[in-house]
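Chains S and U supply the protein sequences, listed in that same order. Everything in the first sequence is counted per this note's numbering, starting at 1 for the first residue and increasing by one. Everything in the second sequence is counted per this note's numbering, starting at 316 for the first residue and increasing by one.
There may be inaccurate statements among the hints.
Not close to chain U: a few residues of chain S, all C-beta gaps over 12 Å, as computed [said to hold, decoys possible]:
(1) TRP77
(2) GLY94
(3) HIS106
(4) TYR128
(5) LEU233
If we take Cβ atoms under 7 Å as the criterion, some of the chain U residues that face chain S in the derived model are [said to hold, decoys possible]:
(6) PRO442
(7) LEU444
(8) ALA452
(9) SER453
(10) ALA533
(11) VAL539
(12) ILE570
By construction, these hints were calculated from the structure, which means they are not laboratory data. Idealized CB from N, CA, C, for every residue including glycine.
Residue-level listing of the chains:
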Amino acid sequence: MYKKLIAALLKRGLQALIVALIVGLVSFAMMQALPGDAAFRIAAGRYGYDLMDAAAAEAVRQELGLDRHWSLQLFDWLKALAQFNLGESFIYRGSVSEKIAVQLGHTLTLSLSALFVSILIAFPIGIYTGLNPNGWADKFFLQLSIFVRAIPPFAVGLTLVLIFSVHLKLFPVAGFRSFHHLILPAFTLGIGMAAVSNRVIRDSVLEAMHSDWQLFSRIKGLPSGLTLRAHVLRNAALPSVTYIGVQMAYLIEGVVIIETLFAWPGIGHALIHAIFGRDIAMVQGTALTLGLIYVGLNLVIDFLCSFIDPRSAKS
Amino acid sequence: MIFFASYSPLKLYRKIGLSRSIGLGLLSIIIISTVIGPDLVGHDPAKQDLLHARQMPNAVHLLGTDHLGRDMAARLLSGARLSLSLGILSLVTAAFLGISLGIIAAWFGTWTDRFLTSFADAILALPGLLLVLILMASAPGSWWLLYIGISLTLWVEFFRYTRQRSRIILAHPSVDASKNLGLSNYFILTRHIFPELRNGLFTISAFGIASAITAIAALGFVSVGIRPPMAEWGLMMTQLLPYWREAPFLILQPIICLVLTILSLHLSVGGFHKK
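Could you put together the complete structure from these sequences and hints?
Here it is as structure tokens:
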């Protein structure tokens, strides 16, 4: 029963390790590639440009061991990463993990609301069009999905801002204070995801409706509503939920861009700002967290699939 | 006459359907105007003219001027050149790598296959744009890193598709028959594998260029991609956003260009691809 779950756990664990390795190696390479003396840069970040001198830089160099061979430094860097020690931000006072602990909540709020919005839009449309294939609604939503899919998330966001914030003044343009601020970014990401997933749901509902067991349950006398609830939707749910897993990449990519557009104080926003400021410790921490969220959400999808269809967990 | 009849748009339309015809038509218009457009417009996309900033479209500036008085038409076309050339270049690189490695993996199997597949899986452990972002972090605005990063994320899909299809094709009895007839590996490659792969690869390519162009614009939009003096659609959106109220027609232009380009690419291969 649990073999498949353990396999999924192992696979995602390995992926998490690869994410950590890629992020760690790239940020270490970035550290080495920075022009000038890293010790001076870090000292300036810590004490301010006016308050630091060669002695302070020397102290930083000794503390972080920046004068050793790069291979030893790489070992230390990866060791610190393995111990979840993400270091101090180069620009802001305080450790990277503290900053991320705050941002993580905001990012999860946004991504889960976006997921919720996409489910709220995609399932009714997908089920309706799947039950009434080739009707006017099916054709209309196919064209609409193709069109919405061609608009990148930030362009969807910009358009929504221009219409609902600037023109109609219904929602705030950007920022983070109340529930109102969440609506536009969540809809931006949710609409983009729903544009594809509603078609996947439609296809799986359609396939389930044409199956032998659907016909059989109608022949044995089950009412159509019960057949739909107990047989069709449950069977159609599996490909739909699997597909939501495929969309996690879209969601995480979207979060980075959309948080920046709406000034939502999450991890993606922090990542972009860290890249601007060449705050490598912060780049490493935020990229690592986003990568791990991606892997984690995929794991949740794996578990959900085996919950919906116990057969897939047994085999 | 017969020649023209067989290549008439009507024939093509009947063969491939309405949405693909619209897509291909739109795509050809975009490509032709990208190639010859900058010369027709005749303005320098970087030349500022602060006395004539934020003009409505007029006879001199067909699409108006931006907040620094630069000609919008020239900038949009120059952005199109940048996005399309970088998109096509990364796609060609990714397709070459993905297809050849995919065939190698399917052909040799065993540890070659296992090694290449795990390498592809390792790349998939991170969402594509995040990988490009991390790479761009080491040198924001670097053209080369953008090119490498996008190619690195795009090749995986070519690889997976080619590997999976080629394995099926190579196991087919007809390939054995060709081998027994003494036909060369080159023959198997060009007559058995490539014809089967062609349609799928076209779809992946069109969607690949579309996602490359989206990525370039998204990075430009958050000011991590192409740097300001260059005209780039995502960057133009960020620059023109503050002038929404005075000149709404300005910010809509790069958005429309981007959406039309992606839409034409999607439509030209049939409009839908669940990825």
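Now for the hints, and whether the structure bears them out:
For TRP77 of chain S, the non-interface assignment is confirmed: its Cβ lies about 15 Å from the closest Cβ of chain U, beyond the 12 Å cut-off. Residue-level check passed: GLY94 of chain S sits 20 Å from the nearest beta carbon of chain U, beyond 12 Å. Its beta-carbon lying about 17 Å from the closest one in chain U, HIS106 of chain S satisfies the requirement of being farther than 12 Å from that chain. With a least CB separation of 18 Å from chain U, TYR128 of chain S remains clear of the 12 Å interface cut-off, as annotated.
Look at LEU233 of chain S: its CB is around 20 Å from the nearest CB on chain U, clear of 12 Å, so calling it non-interface holds up. Given hint, PRO442 of chain U at the interface with chain S, holds; its Cβ is 4 Å from that chain's nearest Cβ, closer than 7 Å. Hint status for LEU444 of chain U relative to chain S: holds, with the closest Cβ pair at about 4 Å, below 7 Å. For ALA452 of chain U, the interface hint holds, since its Cβ comes within 7 Å of a Cβ in chain S; the closest pair sits about 4 Å apart.
A hinted interface residue such as SER453 of chain U counts as satisfied when its beta carbon comes closer than 7 Å to some beta carbon of chain S; here the least separation is about 4 Å, so the hint holds. Against a cut-off of 7 Å between C-beta atoms, the interface hint on ALA533 of chain U holds, since the closest Cβ of chain S lies about 5 Å away. Annotation: interface hint on VAL539 of chain U holds; nearest CB of chain S at approximately 6 Å, less than 7 Å. The beta carbon of ILE570 of chain U is positioned within 7 Å of a beta carbon in chain S (closest approach about 5 Å), and the interface hint is therefore held.
Taken one by one, the earlier hints all hold for this structure without exception.
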